[in-house]
Structures are given as structure tokens and as C-alpha cells.
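A.B. asks: Here's the letter readout for the chains.
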Amino acid sequence: MKKLLLVLFLALSLITPQGAFAYKDYSSIDGKINDLMQVVSDSGELGAAATSVTINNLNGNTDKEYEMIVRGIDGVAGNNGTSFIMRFNNDSGATNYGFQALSGSNTTASAARNTGIGAIYRFGSSTITGSSCLGIAHIYAKSGYVRTVILKSAENIYTTTVSNIMLWGDSWNNTADNITEINVLALDADGIGIGSRMILLKKVDATSGKRYGAMNIKGKVKNVWQEVTKGTLTGAATSVTISNLTGNTDVIYRLRVRHVEGVNSSSIFLEPNGDTTTANYGIQKLYGSDTTVAAYRSTSYGYHWWLGYAVTAGDIGYYEALIYAKSGYVRTAIIESVIGVATTTITTIELHGSVWNNTADEITSLVINSEDANALGIGTFYVLEKLNLN
Amino acid sequence: MKKLLYLIIAGALIFSCVDDIFATNYKQMGKVYWQGNFTYDGWVKAYENTLVANATTITLNNLVGNTAVEYALEIRFIAGATAGVYLLIFNGDTGSNYGQQRIYAGGATAGALRSTRSDILLIADGGGVSQGFYPFYAKSGYGRTLIRETLENVVGTTIDQIYIAGYSWSNTTAEIINATIIGNSDDIGIGSYTCLWKRVYKQ
Numbered sequence: 000m001k002k003l004l005l006v007l008f009l010a011l012s013l014i015t016p017q018g019a020f021a022y023k024d025y026s027s028i029d030g031k032i033n034d035l036m037q038v039v040s041d042s043g044e045l046g047a048a049a050t051s052v053t054i055n056n057l058n059g060n061t062d063k064e065y066e067m068i069v070r071g072i073d074g075v076a077g078n079n080g081t082s083f084i085m086r087f088n089n090d091s092g093a094t095n096y097g098f099q100a101l102s103g104s105n106t107t108a109s110a111a112r113n114t115g116i117g118a119i120y121r122f123g124s125s126t127i128t129g130s131s132c133l134g135i136a137h138i139y140a141k142s143g144y145v146r147t148v149i150l151k152s153a154e155n156i157y158t159t160t161v162s163n164i165m166l167w168g169d170s171w172n173n174t175a176d177n178i179t180e181i182n183v184l185a186l187d188a189d190g191i192g193i194g195s196r197m198i199l200l201k202k203v204d205a206t207s208g209k210r211y212g213a214m215n216i217k218g219k220v221k222n223v224w225q226e227v228t229k230g231t232l233t234g235a236a237t238s239v240t241i242s243n244l245t246g247n248t249d250v251i252y253r254l255r256v257r258h259v260e261g262v263n264s265s266s267i268f269l270e271p272n273g274d275t276t277t278a279n280y281g282i283q284k285l286y287g288s289d290t291t292v293a294a295y296r297s298t299s300y301g302y303h304w305w306l307g308y309a310v311t312a313g314d315i316g317y318y319e320a321l322i323y324a325k326s327g328y329v330r331t332a333i334i335e336s337v338i339g340v341a342t343t344t345i346t347t348i349e350l351h352g353s354v355w356n357n358t359a360d361e362i363t364s365l366v367i368n369s370e371d372a373n374a375l376g377i378g379t380f381y382v383l384e385k386l387n388l389n
Numbered sequence: 000m001k002k003l004l005y006l007i008i009a010g011a012l013i014f015s016c017v018d019d020i021f022a023t024n025y026k027q028m029g030k031v032y033w034q035g036n037f038t039y040d041g042w043v044k045a046y047e048n049t050l051v052a053n054a055t056t057i058t059l060n061n062l063v064g065n066t067a068v069e070y071a072l073e074i075r076f077i078a079g080a081t082a083g084v085y086l087l088i089f090n091g092d093t094g095s096n097y098g099q100q101r102i103y104a105g106g107a108t109a110g111a112l113r114s115t116r117s118d119i120l121l122i123a124d125g126g127g128v129s130q131g132f133y134p135f136y137a138k139s140g141y142g143r144t145l146i147r148e149t150l151e152n153v154v155g156t157t158i159d160q161i162y163i164a165g166y167s168w169s170n171t172t173a174e175i176i177n178a179t180i181i182g183n184s185d186d187i188g189i190g191s192y193t194c195l196w197k198r199v200y201k202q
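Chains A and B supply the protein sequences, listed in that same order. Sequential numbering from 0 applies to the first sequence in numbering that gives the first Met the number 0. Sequential numbering from 0 applies to the second sequence in numbering that gives the first Met the number 0.
Don't read these hints as lab results, they were simulated from the structure. Please note that the accuracy of each hint is not assured.
In the DSS-like style, the derived pairs of lysine-lysine whose C-alpha atoms are separated by at most 30 Å in a straight line are [stated by the list, open to error]:
| hint | chain 1 | residue 1 | chain 2 | residue 2 |
| --- | --- | --- | --- | --- |
| 1 | A | K63 | A | K31 |
| 2 | B | K26 | A | K63 |
| 3 | B | K138 | A | K209 |
| 4 | A | K31 | B | K201 |
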């Protein structure tokens with residue numbers, strides 16, 4: 000009888016998904032995990048210039064959603080410039096793609112449409128050898144209808160100048176073919192310079208994998224966006240320092256702040272390593288306030304990596320920053336800000352390309368700072384995430 | 000001898016249940032098809048649907064705004080029967096409790112608009128294919144905020160408009176327990192895709 004019970008127990012333990020009856024704790028895990036958005040390809044920082052980088056073995060019909068992050072370095076000699084574009088299945092048909100763009104360049108906000116072009120535009124353009132760009136694209140990949148892309152890019156960045164901040168809507172008019180590869184290309188030979196990096200995330204469908212029950216991961220999950228730290232202020236503060244960062248290892252951060260204004264009229268900004276030297280920061284903004292759309296550039300910006308501001312105590316803001324943190328080139332960020340929210344009135348919506356003109360120092364801290372004492376009011380929430388590439 | 004055998008087996012079973020929490024490096028898992036819950040300090044898919052018939056509404060139930068704190072909605076909609084607008088409301092609230100500030104581009108025209116609304120405008124559907132991405136801060140205590148990034152009414156290689164906008168819902172107290180996407184009658188067409196991402200936290 001005991002043997003029978005033991006055999007039954009062992010058999011049950013083998014066929015029951017782990018964690019079926021309660022959470023099973025894990026330290027850190029690496030795998031293709033169903034229903035997460037995970038990195039499927041990371042080029043690393045390129046060691047040699049290239050004209051194109053191909054990510055293959057994709058299955059767009061299964062994956063449905065992709066997120067592509069590109070930090071481009073202009074590799075074309077002689078300041079001849081290039082653009083960083085994207086194709087699906089290497090389709091170079093000259094009129095198979097279209098875009099609608101909204102841009103901010105210096106003080107000019109403008110719009111442009113193209114209904115017959117040869118690629119998805121674009122993660123960046125440049126005029127100067129060694130200048131950088133940062134772009135992020137949300138791709139809907141499943142066939143059946145035209146494929147669509149929402150893309151944000153900060154372009155032609157050198158020292159403290161961000162030349163353009165762009166919002167793109169793109170389409171690929173192919174409705175039938177499964178996307179099996181994504182190509183990032185430069186318009187000029189060897190335009191994708193040393194230091195460029197392409198990272199692709201996909202929505203994982205692992206329903207054919209090993210079944211598990213409830214899983215609780217106490218450590219890290221590889222290849223996902225995961226929280227580094229978060230906090231909600233219980234008392235007003237002038238600044239919050241997020242320390243113990245390893246920017247060179249972590250490479251990319253994503254910071255979100257829900258700001259509750261603690262005093263009247265104060266700006267909130269971000270400072271890598273607490274650097275308060277105005278001359279080290281540049282910004283290109285695109286913003287809308289009531290019925291006005293406008294743009295602004297500064298190459299020595301006193302509000303550093305500006306997140307937003309609020310006029311009246313108690314007003315709120317919602318800011319998100321994508322930060323390429325690794326040293327070697329200027330550090331860049333794309334920041335979206337919903338600013339000065341009072342009940343149903345929103346003061347401005349802004350899109351920024353921001354730069355920190357420091358190429359050498361590892362980012363070990365990020366300081367959320369404010370213009371006035373106690374401007375980070377009670378209830379201010381922040382969360383820093385990193386992409387677990389390592 | 001039998002007792003020793005049982006002890007070894009029991010010990011092995013218990014160890015198999017707890018060994019993972021002592022690991023210092025990544026545990027290689029292969030494909031992981033989890034059922035029940037998956038918790039860590041990150042994001043998981045909370046809802047996904049591709050319509051097989053035209054619909055007028057899509058309701059996202061079982062939201063826990065105060066616990067999750069943050070969500071991100073993604074849609075790729077196909078125009079259905081009657082072109083109109085795609086809207087979002089929280090907890091069924093259709094009062095004038097929402098606000099927007101948007102900038103947009105259509106052709107060579109850039110513009111901006113601020114207004115009070117009785118909903119969040121997801122897409123101004125004029126036909127074709129549209130895509131949107133909408134992260135939002137859901138926890139009560141203050142007004143809720145949402146960011147809208149969209150491209151709209153794509154036909155072939157023509158994109159009608161793109162938007163980036165901020166929205167607010169002025170309700171400060173009610174936990175968000177559902178969100179409803181509303182279109183004109185049967186205007187959320189076959190093939191329309193909805194995905195909701197939710198922040199989860201390790202236990």
C-alpha cells in the first residue's frame with residue numbers, strides 16, 4: 000500500500016505543472032516566457048561599420064508585436080550624412096512604404112507625408128560623422144492588413160545639439176507575407192557606424208512550451224524590461240537620487256515619473272550622475288499647448304534633461320524617458336511629458352530629444368531634481384526599469 | 000532501509016521545490032508556458048484579443064488599477080461598418096471628466112488642440128487601419144494620466160494622421176476596475192487587435 004501511494008505521489012509530482020497549487024519561487028530565469036515582451040535580438044555595439052543589419056528567423060504572424068530600439072552612430076566619413084531606415088523581409092520596393100511625420104527642428108514644428116518610399120522612416124538622420132540618433136518603434140507585424148509602425152526618433156545628435164525630434168507613422172503596404180526578417184539599413188555605405196546598436200523585442204508566444212503553474216520570480220528575468228527601483232514620496236522632496244546604477248552594463252534605462260507638484264511653478268528634470276553643469280545638456284522639444292504646436296532647441300539647457308513642470312501645487316504630470324546610458328558616445332534620451340494636469344486641463348504635451356555631452360563616465364546615478372525646494376510633492380511616483388540584456 | 004528510502008525521496012521532492020530560490024545565476028528554462036500567475040517586477044500581458052466579427056465595444060474587465068498602478072494598452076484596429084471614433088472610458092464614466100492636449104500631423108499640416116471631453120479619444124477613425132499605444136497611470140489618489148501615440152486611417156501607403164497626446168481622467172478616488180473601448184455600431188472591424196500590458200510585482 001505504501002509503495003502504491005509512493006508511486007502515485009511520484010507520478011503526480013511529475014505530471015503536475017510546477018507551482019500548480021501555490022506560487023513557486025525562482026531566483027533568476029532565462030527562457031522564452033509566454034506573454035512577456037522579450038529581447039529576441041541584440042546586435043551589441045557594432046565593432047565595424049555596416050550598411051545593413053538583418054534580424055532573421057522571425058515569425059511576425061505569431062509574434063504580432065515587435066519593439067525595435069536603435070541607437071545609431073553615423074559611420075559615413077566626411078560628414079556626408081546618412082539616414083537609419085528599416086525594411087521588412089528586405090523589401091526594397093521603391094513605393095511600398097509610406098509615412099506621416101511630425102517634427103521639431105530648432106524653433107520649427109512641421110509635418111510631412113510621403114505615400115511612396117522605399118523603407119520605414121526612420122530611426123535617425125545625420126550630417127556629421129560620429130553623430131548619434133536614438134529611436135524606438137512599435138511594430139504590428141501580423142499579415143492580413145497593411146503593417147503599421149509608430150516610431151519616435153531623436154536625430155543628428157552631437158555634443159549638446161539635438162537637431163530633430165520626430166514622431167513617425169509608417170506603413171508597409173504588403174498585406175500577405177509573413178515577416179520573417181527585419182532589416183535596419185543606412186542610406187549610405189557603412190553608414191551604420193561603430194557603436195551602433197539594434198535591439199528587437201517581441202511578444203513571446205510560448206504556448207507550446209513546458210507548462211508551469213504560478214511562478215514568482217524573486218530575481219531577474221532575462222531579456223525583459225524589469226524594475227530597478229521605484230518609490231512613492233510620503234513627504235515632499237527637492238530631489239530623489241537613484242544610485243548604485245551600472246549604466247555601462249545595463250545599457251538602456253526607462254524612467255517613468257508621475258509628478259505631483261509640491262509647490263507653485265517648478266520645473267522637474269533629470270541629471271545623470273547628478274551633473275548640474277548646464278553647458279553639458281542639450282534639448283530639442285516638440286510641444287503643443289492649447290491650439291499651438293511649436294518647437295524649441297537649446298544647446299546649453301539649464302533644466303538639464305527636462306521632464307516637465309507644473310504651475311500650481313497639486314497639479315500632476317506624467318513623464319517617460321528612454322535613456323541610452325552606456326558610455327563611449329554622448330548619452331541620449333527620448334522623453335515624453337504630459338505636463339501640468341489640473342482635473343481636465345492639460346497644460347502641454349511634449350516630446351523631447353535630450354543629450355548629455357559626457358562620453359566617458361559610467362552613469363552610476365540618476366537624480367530627479369527640481370527647480371524649487373519640495374517641488375516633488377507627496378504622492379510623486381517614480382520607477383526606473385532596465386532592459387535585462389545581461 | 001525503507002524509511003531511509005522514503006526520507007531520501009521526500010528530501011529530493013522538497014529540494015526540487017525550493018532549489019530555484021538559491022540559484023545565483025539565470026536558471027535556463029527553455030520555453031515557459033505559465034498558467035495561473037506570473038509575478039516579477041515587470042510587465043505581463045493581461046489581455047489579448049483579435050476580433051473574428053465586427054464589434055461595437057470591447058470591455059477590459061478585472062482591472063486592478065490600485066494594485067497594478069500602471070497599464071499600457073496597444074490596439075491595431077480595422078475600420079468596420081460605420082466610420083467614426085474609437086473611445087475609451089474608465090469604470091463606465093461618460094461624464095465630462097476627461098481632458099486632452101494633443102499635437103498632430105496630417106499631410107503638411109501640424110496642429111494642436113486642448114479640450115475637455117467625456118472620454119479618451121483613442122482613434123479618430125476615418126477608415127482603413129489604425130494603430131495606437133497608450134501607457135497610463137491607473138492608481139487612485141490623484142487624477143489619472145494617459146499618453147496617446149497613434150497613426151490613423153492607413154490605406155496602402157497613405158497615413159492620414161499621427162498624434163501624440165496627453166489625457167487625464169479627473170476621478171481621484173475610484174479604483175479602475177474596467178476600461179471600455181467604444182466605437183460606432185460594429186465599427187471595430189474583424190481583425191482588430193487589442194492587447195493590454197499590466198505591471199506586476201514579485202511576491
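A.B. asks: So, for every hint listed, does it hold in this structure?
C.D. replies: Status of each hint after checking the structure:
With a CA separation close to 16 Å, the supplied pair K63(A) and K31(A) stays within the 30 Å bound. Of the pairs offered as hints, the one joining K26(B) and K63(A) holds, with about 27 Å between alpha carbons and a cut-off of 30 Å not exceeded. Taking the CA atoms of K138(B) and K209(A), the gap is about 35 Å. The hint is violated against a cut of 30 Å. Our distance criterion of 30 Å between C-alpha atoms is met by K31(A) and K201(B), whose separation comes to about 19 Å.
Hint violations for this structure: number 3 only, all remaining hints satisfied.
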